[in-house]
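Chains as they are written, first to last, in this note's numbering: chain R, 30 to 219; chain D, 2 to 241.
The hints are simulated quantities; they were obtained by calculation from the structure and are not laboratory data. There may be inaccurate statements among the hints.
Claimed, not checked - Short derived list, chain D residues pointing at chain R, Cβ under 7 Å: (1) Ser13; (2) Gly17; (3) Ala54; (4) Leu64; (5) Ile68; (6) Ala70; (7) Ser201; (8) Val204; (9) Glu205.
All C-beta atoms, glycine included, are put in the ideal place defined by N, C-alpha and C.
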Amino acid sequence: MGLVHLADEDLMQLVRRGDAAAFEMVYDRHATAAFSLAYRMTGTRNAAEDVVQEAFLSLWRSGARYDRARGSVRTWVLGIVHNRAIDALRRSMVHDRRRASDEGIEERFEARERTDVEAARRDEARDVREALETLPPEQSKVIELAYFGGFTHSEIASMLDTPIGTVKGRMRLGLEKLRGQLGGLAGAMS
Amino acid sequence: MNGCEHRESVASYVLGALPEDEYERFATHLATCDDCQSTVAELQVAADALPLAAVQLVPPPDLKDRIMAVVRSEAHLQSAAETRGDEPAAAPRRPWWRRPFLAVRPLPAAAAAAVLIALGVVGGVLLSGGESTRTVQGTVEIASAPNARASLQLSNDATKLTVRNMPPPPSGKVYQVWLKRPAQDPTPTTALFRVDSRGSADVEVQRGKLKGVEAVLVTAEPDGGSMKPTSNPVIAVSTA
């Protein structure tokens with residue numbers, strides 16, 4: 030049985046032992062989601078590439094830290110990307126410049142699904158976007174600013190001129206609703 | 002229902018929106034609060050789905066090339082013995098030193114062909130220092146160090162290895178020199194070395210003339226060296 034037939038969790042067992050081919054398989058499976066998240070957060074192709082490179086090299090060097098009991102490899106990978114992107118945003122203070130320089134990149138690089146798995150992911154992505162859109166705007170706004178913008182709740186409170194307690198409450202309510210709507214998608218990230 | 006006074010920090014926590022100082026405090030609290038752990042688990046489901054909301058974009062191919070070049074070079078320097086031993090998908094393989102010397106490749110051929118950078122020409126005699134001394138250029142196979150060079154000075158008095166622009170060995174490891182004779186496993190030498198800040202080292206491999214040796218090899222080994230190679234060679238110099 031080749032690597033292509035191994036589950037992510039089994040590939041990670043090989044990655045932690047230094048298997049570059051297993052790592053490559055993990056990269057191939059999750060690079061699109063990772064790059065997409067990084068691009069959404071940083072807003073430029075170069076910054077997104079830096080974030081993805083940092084994240085995957087970190088994954089390669091710290092594969093032993095992956096614990097399957099705490100979630101899927103995909104969730105873990107995207108968690109690393111998210112943290113790296115937040116670090117990059119806070120380090121470079123590029124918040125205000127984001128989304129300006131690479132306008133149109135979506136059309137040039139948008140993924141075309143080649144497999145059933147990719148097509149299914151595209152459907153799941155649409156479901157998540159639609160679920161976000163059904164939230165009250167004040168809830169989706171704080172969630173997007175926090176998760177994709179990398180802003181802290183204090184920064185968001187300041188930006189929106191809203192008490193921190195209100196911001197926290199909107200985040201919680203929004204996530205609870207999102208969770209309810211995505212019930213069937215719980216396995217999407219696994 | 003979470004009645005904990007910290008419950009309103011859970012959403013910020015799963016979204017990565019806690020300022021650094023608050024994050025430390027909440028993480029400490031979370032370790033001992035069952036209510037908050039339970040709420041984190043609930044809200045994390047929603048937070049974990051958020052990346053899917055991003056428009057899906059294909060990463061540029063050269064990004065993968067750059068990442069894999071680093072990964073392969075680092076894998077190359079790691080212990081191959083423990084890595085290969087129980088790989089479920091791999092057919093049993095002979096250790097590299099039992100394969101024909103010129104077929105030595107530290108990675109599966111397809112992967113190696115794509116990334117590994119072979120420098121110099123094995124066995125190419127660059128300089129003759131008279132009848133008794135010659136310098137042979139070696140092959141360095143470390144993709145992350147395309148400028149790395151290795152050469153061997155052979156004379157009746159001594160054999161010396163010179164390396165330039167080499168990366169340091171991985172943490173806890175040291176470079177070790179081996180002598181490969183036809184149809185035999187590599188023989189360890191006591192020549193263990195690290196490189197200086199510029200990646201240079203001049204190493205005496207052996208006093209006296211090298212006899213019956215077809216190649217001088219270098220691997221990264223645990224501190225103190227090994228009796229059998231535990232990783233693939235990063236330098237190979239043919240003396241034939």
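Each hint tested on the structure:
1. Ser13: holds, 5 Å
2. Gly17: holds, 5 Å
3. Ala54: Holds: closest Cβ of chain R sits about 5 Å from Ala54 of chain D, inside 7 Å.
4. Leu64: For Leu64 of chain D, the interface hint holds, since the closest Cβ of chain R sits about 5 Å away, which is under 7 Å.
5. Ile68: For Ile68 of chain D, the interface hint holds, since the closest Cβ of chain R sits about 5 Å away, which is under 7 Å.
6. Ala70: Since the shortest Cβ distance to chain R is 10 Å, the answer is violated.
7. Ser201: Since the shortest Cβ distance to chain R is 26 Å, the answer is violated.
8. Val204: Where the cut-off is 7 Å and the nearest Cβ of chain R is about 26 Å from Val204 of chain D, the hint is violated.
9. Glu205: violated, 31 Å
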